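*Asks:* These protein sequence lines map, in sequence, to chains A and B. For the first sequence, my numbering gives the first residue as 1, with consecutive numbering after it. For the second sequence, my numbering gives the first residue as 1001, with consecutive numbering after it.
Heads up, some of the hints might be wrong.
As the list claims (entries may be wrong) - Ranges of calculated distance between the beta carbons of each label pair, as one might list FRET restraints:
| # | chain 1 | residue 1 | chain 2 | residue 2 | range |
| --- | --- | --- | --- | --- | --- |
| 1 | B | Leu1113 | A | Glu157 | 34 to 44 Å |
| 2 | A | Pro368 | B | Gly1073 | 51 to 61 Å |
| 3 | A | Gly44 | B | Val1298 | 35 to 45 Å |
| 4 | B | His1052 | A | Ala10 | 46 to 56 Å |
| 5 | B | Asp1160 | A | Asp209 | 50 to 60 Å |
| 6 | A | Pro368 | B | Ser1089 | 52 to 62 Å |
Stated by the list, open to error - Computed list of chain B residues with no C-beta within reach of chain A, every gap over 10 Å:
| # | residue |
| --- | --- |
| 7 | Pro1042 |
| 8 | Arg1114 |
| 9 | Arg1118 |
| 10 | Ala1190 |
| 11 | Val1191 |
| 12 | Asp1209 |
| 13 | Glu1297 |
| 14 | Leu1317 |
| 15 | Gly1324 |
These aren't lab readings, by the way, just hints derived from the structure by calculation. Predicted, not measured: the structure shown is a model, and the values here were computed from it. A virtual CB, placed ideally from N, CA and C, is assigned to each residue, including glycine.
Below are the chains, spelled out letter by letter.
Number of protein chains: 2
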Amino acid sequence: MMPLSRRDMAERDACDPLRTARNAFSLPPGVIYLDGNSLGPPTGMTRARITHTVEHEWGRSLVRGWNVHDWIGLPQRVAAKIAPLIGASPDEIVVADSTTVNLFKLACGALALRPDRRVILTEAGNFPTDLYVLQGLVQASAGRLDLRVLARDKILEGLDDQVALLALTHSHYKTAALWPLTQLTQKAQAVGALTLWDLSHSAGALEIDLAGARADFAVGCGYKYLNGGPGAPSFAFAASRHHGLLEQPIWGWMGHAEPFAFVDAFSPAPGVARLLSGTPPVLALSALDAALDVFAEVDMAVVAAKAQDLVDVLIRLIQTRCAGHGLTLTTSERREGRGSHVAFTHPQGYGLMRALIARGVIGDFRAPDVIRFGLTPLYLGFTEVWDAVEVLREVLETGAFAQDDDSTRQRVT
Amino acid sequence: MMPLSRRDMAERDACDPLRTARNAFSLPPGVIYLDGNSLGPPTGMTRARITHTVEHEWGRSLVRGWNVHDWIGLPQRVAAKIAPLIGASPDEIVVADSTTVNLFKLACGALALRPDRRVILTEAGNFPTDLYVLQGLVQASAGRLDLRVLARDKILEGLDDQVALLALTHSHYKTAALWPLTQLTQKAQAVGALTLWDLSHSAGALEIDLAGARADFAVGCGYKYLNGGPGAPSFAFAASRHHGLLEQPIWGWMGHAEPFAFVDAFSPAPGVARLLSGTPPVLALSALDAALDVFAEVDMAVVAAKAQDLVDVLIRLIQTRCAGHGLTLTTSERREGRGSHVAFTHPQGYGLMRALIARGVIGDFRAPDVIRFGLTPLYLGFTEVWDAVEVLREVLETGAFAQDDDSTRQRVT
Chain A
1 MMPLSRRDMA ERDACDPLRT ARNAFSLPPG VIYLDGNSLG PPTGMTRARI
51 THTVEHEWGR SLVRGWNVHD WIGLPQRVAA KIAPLIGASP DEIVVADSTT
101 VNLFKLACGA LALRPDRRVI LTEAGNFPTD LYVLQGLVQA SAGRLDLRVL
151 ARDKILEGLD DQVALLALTH SHYKTAALWP LTQLTQKAQA VGALTLWDLS
201 HSAGALEIDL AGARADFAVG CGYKYLNGGP GAPSFAFAAS RHHGLLEQPI
251 WGWMGHAEPF AFVDAFSPAP GVARLLSGTP PVLALSALDA ALDVFAEVDM
301 AVVAAKAQDL VDVLIRLIQT RCAGHGLTLT TSERREGRGS HVAFTHPQGY
351 GLMRALIARG VIGDFRAPDV IRFGLTPLYL GFTEVWDAVE VLREVLETGA
401 FAQDDDSTRQ RVT
Chain B
1001 MMPLSRRDMA ERDACDPLRT ARNAFSLPPG VIYLDGNSLG PPTGMTRARI
1051 THTVEHEWGR SLVRGWNVHD WIGLPQRVAA KIAPLIGASP DEIVVADSTT
1101 VNLFKLACGA LALRPDRRVI LTEAGNFPTD LYVLQGLVQA SAGRLDLRVL
1151 ARDKILEGLD DQVALLALTH SHYKTAALWP LTQLTQKAQA VGALTLWDLS
1201 HSAGALEIDL AGARADFAVG CGYKYLNGGP GAPSFAFAAS RHHGLLEQPI
1251 WGWMGHAEPF AFVDAFSPAP GVARLLSGTP PVLALSALDA ALDVFAEVDM
1301 AVVAAKAQDL VDVLIRLIQT RCAGHGLTLT TSERREGRGS HVAFTHPQGY
1351 GLMRALIARG VIGDFRAPDV IRFGLTPLYL GFTEVWDAVE VLREVLETGA
1401 FAQDDDSTRQ RVT
């Protein structure tokens, strides 16, 4: 049984190997931020970089910036910083568009590699945009494709030789439940299916080894654990063995073999750059580029271990200090079975989270009754977790949340 | 014949009704910027807004920014500022994704409204990404669709009752040649075709009346005359009469009728919001939002008239002062036949443009032999145009460009 006093927490913080990473961030005073799984905060380097990009690069170089500052190379430069976080080679990733658009491109691309199969398999209750993208593809196929949406515990049974594509989210956005990525990829490939992993809720917080898993395709979010800023561009991964045959449907000039030849006929770029479509979003890419520098200083094994330590502490503290108040844990108590956030249900979850936020403890709420706490190892200390649970305990014991329950809903994941 | 001395130009600048708009911009010293048709510069308000968004909104509100600062409403708020520039209603536009992705969405959506027709008609030498998007759709259709790519002077003949979609760029990226938008839209509709206009090289510099033209669909670029920053989000227009039946293929949570209900089944938003897919790019949208404020202070008729005056002056000055040096005008001399930039061909165009840029006159080069000068009425003065032509004359007369001709290419449109 781990020691759980506030002093114990302070001792853990004092010897935290990531404490220098914490200094890269400056969170607002009075806030305990348990929502970095939804939107990461800016680092000092990110703030400085955005100012530099606007004032110096855009403001002074103007259009010359495409060459002078190699803006055109940003999708691949940023990708090279994400590659080691997910066990990929830099030439297997691009950074562009939104997660939704990248899901669309890669799902289309994967399905075209299995023209004789008609089933896309995914999980009921997957993140909505993942489900919606797949539903749109089935609709557009005019009967050629079927979407097989199964409960989590039925996915393995549903994985048969009709399946063209298994599309799953690595860590579930509500419960943090983690699919064993390597194992599922192997099982999919054993029946001849391809895999598309959504790493949005795991990249930057867990150790991920796409190469070791022989994963086919993956996408992920730039604004959660990667701290790239609200609505940051997304990353798209395609294993190099697929590059020769991979096509994606949104043919654009940035995915052309010679974008600046301005020729009339499309000819896809030879490698992963064929996943690009439009002009790179330079301001947003620059923010993400700078945000990723904090990862260069840390070992992902240390980051992932601390994430699970923080999750363990939060769960244990809530179980011991907030018992009997109607909170039900829906996240796994096994370290290897979860991502880096924790979810509880509570009948008045919405009012409860509002009361916490009003007291500076920022987590979030997901309809109908889920409260989530993100445990972000780069900038969160153990003492903060202890203090957050103390605030939760006070709110629960005083019933200060009941009157806050109205129908307004907190919004973005 | 207009008077063309430098003093005449100074007099025009002194009574320029847009001179207060010019003060919103602060271009670098020593630069005459004739490439705002490719990348507009930041205004002071844009610079301040980006800092505010990063420091105050993202840095302090963190995830609460989605509610507190209504980030989620940005695609529609920014759209409402673009609407009057193109003669649209605010509820007919969204701002999201890249121009390429929006072309893809709207072309798909339009084609689905004409299921019994198989032809997409466009112009040879259209901007590459426009051609590539359409080629990708034809490829994905597996034989259902044909792409009819015709020379400019054959487009009207090619517009028959097999055409589902006429997709044209309003002002041509090289020559600035302008399609008569209303007339072409009418002719297309007369044969039962739909229209998709790319306004990238005209929105913000010309008067555009999509409602008056009864245009069906349009897209445009945020980083050219709208000054939203490199790779800024694009706008997508769909006439409200199409909203009921319009579908686009990239189904995502932001295009859902209830994005925050987190339900498994997609149900498109009732209006133009169904064109949205992924999470809004907040930093980039905020920059564009601020950049558009300069348009609130000006009359687009005045902007468009000054644009054509600047174009007239540049053409006349080059014709009179740079004659006999191998420059061939490829832009129309008629005000109503062109956009807001001017193109000449020159056998050593690349070296010539490099020599101009080295002397602070920034235009751009398009392979194989085109030099372009953008005449942006919001921040360009007549005196600057005069001075730019004087630099051009000197370069041509001294032959200072010949040795600059190497194979490196300037890049982005």
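*Asks:* Hint numbers the structure violates, sorted upward?
*Replies:* 2, 4, 6, 7
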